[in-house]
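**Q** So the chains spell out like this:
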Amino acid sequence: MNETELIRTLASIILQAAPLMIAVCGETITERVGVVNLSLDGTMLMSAMTGFVVGLKTDNVWLGFLAGAAIGALFALIVAFGSIRLRQSQVAVGFVLTLLGDDLSAFLGQNYTRIPGPVVKFMPIPILKDIPILGPLFFDHDIVVYFAFALVGLTWWWLFRTQPGLHLRGAGERPEAAFARGVNVNLVRYLYTMVGGALVGIAGAAYSLDVKIGWAEGHTRGLGWIALAIVIFGGWSPIRGAFGALLFGATKALATILQRTFPEVSVVAFNSIPWILMILVLLVVGSESTERVIAVMPRPLQRPLRRLLRVAPPMALGTTFGE
Amino acid sequence: MPASSTKQRFGHLLDGLLPVLATLAALAIGAIMLLLLGVSPIEAYRAMLEGAFGSTNALAETLVKATPLLLVGLGICIAFRGNVINIGGEGQMIIGALLATLVGLSITEWPGWVVISLGLLVGFLGGAVWGAIPGILKAYFNVNEILSTIMMNAIAVQTMNFMLRGPMIDPAQAELASKIPQTARLLDAFRLPRLVPTRLHLGALIAVVLAVLVYILLWRTTLGYRIRAVGQNPSASRYAGINVKQHIVLALLLSGAFAGLAGATQVFGVNYRMITDGSATGFTGSAGFNGIVAALFGQLHPIGTIPASIFFGALLVGANKMQRVVQVPSALITALNGLVVVFVVSSEFWRRRRQRQRLSVVSEDEEEKLPLSMSEEA
Numbered sequence: 086m087n088e089t090e091l092i093r094t095l096a097s098i099i100l101q102a103a104p105l106m107i108a109v110c111g112e113t114i115t116e117r118v119g120v121v122n123l124s125l126d127g128t129m130l131m132s133a134m135t136g137f138v139v140g141l142k143t144d145n146v147w148l149g150f151l152a153g154a155a156i157g158a159l160f161a162l163i164v165a166f167g168s169i170r171l172r173q174s175q176v177a178v179g180f181v182l183t184l185l186g187d188d189l190s191a192f193l194g195q196n197y198t199r200i201p202g203p204v205v206k207f208m209p210i211p212i213l214k215d216i217p218i219l220g221p222l223f224f225d226h227d228i229v230v231y232f233a234f235a236l237v238g239l240t241w242w243w244l245f246r247t248q249p250g251l252h253l254r255g256a257g258e259r260p261e262a263a264f265a266r267g268v269n270v271n272l273v274r275y276l277y278t279m280v281g282g283a284l285v286g287i288a289g290a291a292y293s294l295d296v297k298i299g300w301a302e303g304h305t306r307g308l309g310w311i312a313l314a315i316v317i318f319g320g321w322s323p324i325r326g327a328f329g330a331l332l333f334g335a336t337k338a339l340a341t342i343l344q345r346t347f348p349e350v351s352v353v354a355f356n357s358i359p360w361i362l363m364i365l366v367l368l369v370v371g372s373e374s375t376e377r378v379i380a381v382m383p384r385p386l387q388r389p390l391r392r393l394l395r396v397a398p399p400m401a402l403g404t405t406f407g408e
Numbered sequence: 027m028p029a030s031s032t033k034q035r036f037g038h039l040l041d042g043l044l045p046v047l048a049t050l051a052a053l054a055i056g057a058i059m060l061l062l063l064g065v066s067p068i069e070a071y072r073a074m075l076e077g078a079f080g081s082t083n084a085l086a087e088t089l090v091k092a093t094p095l096l097l098v099g100l101g102i103c104i105a106f107r108g109n110v111i112n113i114g115g116e117g118q119m120i121i122g123a124l125l126a127t128l129v130g131l132s133i134t135e136w137p138g139w140v141v142i143s144l145g146l147l148v149g150f151l152g153g154a155v156w157g158a159i160p161g162i163l164k165a166y167f168n169v170n171e172i173l174s175t176i177m178m179n180a181i182a183v184q185t186m187n188f189m190l191r192g193p194m195i196d197p198a199q200a201e202l203a204s205k206i207p208q209t210a211r212l213l214d215a216f217r218l219p220r221l222v223p224t225r226l227h228l229g230a231l232i233a234v235v236l237a238v239l240v241y242i243l244l245w246r247t248t249l250g251y252r253i254r255a256v257g258q259n260p261s262a263s264r265y266a267g268i269n270v271k272q273h274i275v276l277a278l279l280l281s282g283a284f285a286g287l288a289g290a291t292q293v294f295g296v297n298y299r300m301i302t303d304g305s306a307t308g309f310t311g312s313a314g315f316n317g318i319v320a321a322l323f324g325q326l327h328p329i330g331t332i333p334a335s336i337f338f339g340a341l342l343v344g345a346n347k348m349q350r351v352v353q354v355p356s357a358l359i360t361a362l363n364g365l366v367v368v369f370v371v372s373s374e375f376w377r378r379r380r381q382r383q384r385l386s387v388v389s390e391d392e393e394e395k396l397p398l399s400m401s402e403e404a
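So the protein lines, in turn, are chains A and B.
Using our numbering, the letters of the first sequence correspond one by one to residues 86 to 408.
Using our numbering, the letters of the second sequence correspond one by one to residues 27 to 404.
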């Protein structure tokens, strides 16, 4: 593979990872505030379908994205309402919504399968795109990619550098303490669960309008679960999550390349790589054995290794808060 | 409290009727969809009822569809009671079915009942292994089991596609250009006996017997008690000397085993071979997912899961008939099923909430707590 080819592959990995980065940011926000929105897979299917159909009917991709965001926020609202008001298991509500999203998107989108539709316009950034290597990698894309990277930064800044972000994390870590400091925990949870859901919806629409153009039954199936796994791998940080999304994209690209190089090996082996890798990654970041391995490492390495390999969820994740 | 007894009785009546009301509400929304498609809802729903219960054959089909739901649902009862969420029923079914098919195809000299029993056992064990892996990952490596079971599903589907297109493909298909991914047919002697002259097979009876056994396991044995104790309160269980990690693995292992058995039963009782369309649900018909819903509907009780499975089985069979009779797109059927599931499950939540409210009159803390929280996840 020569240099141009390598850069082209890397640029396509970035494009493929962009919607996943958006979804991971959304779910990171949701889980940071203490709510697990397990419906991601169904939400993305519904918003991919809705985004495509609305974009097609209005001939306007932005309205498509808006519709996708609205669907995502609606699904998130159901999860939040079930958890906060009805005090039901977020897992059960989310799972049932996953099934519903899959079924409903197949039904409502059946007349729109495999037809051409609107596409997000290619938008290279002048001057910046001419920087060697970095230019074609990061500045020779469309707005979805730029939005994804901006969103990662913005989410990190909002979560860790602002007062509302502190309240957000407080509601997810120690809701009682946050409540005592005057935070309306449940309102904050409603709000950010819906914001997170809207971002997941945008991610779904980004698939059907940009990265994997068009609609077919089960168009994005499986990617929602991948996003949920990446949130854990990312240690509930948008920046690490973004790396996780890029890493996943790279594995998939690598699998494709390997498949071309070794055609005699079954496709199955390569198709399974990303999934097996996800399990291994979850295993490393969650396991106490990792801690033991780190403990025998040279002392100056311990802190960075721990930061790299160990993650802990928000303490009040998945619990309800009664005032 | 005689003053409130009428109200209480009404409350209980309402509780009992809630699932029915929820189903009706979902069907009402379905009726609107049907009207929009220009189909008479009355005609459509009559076809649905007839398709599910209208004749001996219809009833038998309903039970055939209910069988894998019940088997998967039994496993779900065990897992969820132990507070582990098993979403890997699909993959566990596939692995169970693959291994059972291998047994059925490779051993041809032995008597039928031996091969069938061996096949079902191997399917059971295969599902157990596929379930135990996420169990071990959760208990000893702190890996979220919801995600790992989903990933295991994907790996199982890939394995199935590989086996059915490669090593296990029907020799007849291998020579054709079409290459339908399916195995050769099992010998006639290796079919589960049929109960009445319909497609209803012995597997349905086995499932019902197992439902009773799972009930006994969960509520009448030490093992079951420990699994439930770990599900309710892991810290207290550890203090009481229960090996919490071991019981987490056991809960997922047993859960997977029942799903594996469901897969094996499909092979020996319904298809007599393994066949797929390449998708995740091509072989299972989503039974690995729908079994979860059936178990939730049956309040995570093995006996309650029996009528719940029959209900969802009837829905699947009836919807098929409705599709044929009134010519609606098949996607409407899946959407309708999805709606019923959502309404019924949410009504179940509502019922439990009312139950809690009644209890809270007695005491604030005596909540009926079903082990279904993700509070100690990840």
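Quick caveat, the hints were computed from the structure, so don't treat them as lab data.
A couple of the hints might just be wrong.
[Unchecked claim] Simulated crosslink set (DSBU-like; lysine-lysine; CA at most 30 Å straight-line):
{"hint": "1", "chain 1": "B", "residue 1": "K205", "chain 2": "A", "residue 2": "K297"}
{"hint": "2", "chain 1": "B", "residue 1": "K271", "chain 2": "A", "residue 2": "K337"}
{"hint": "3", "chain 1": "A", "residue 1": "K206", "chain 2": "A", "residue 2": "K142"}
**Q** Where does the structure disagree with the numbered hints, that is, which hint numbers, in rising order?
**A** 2
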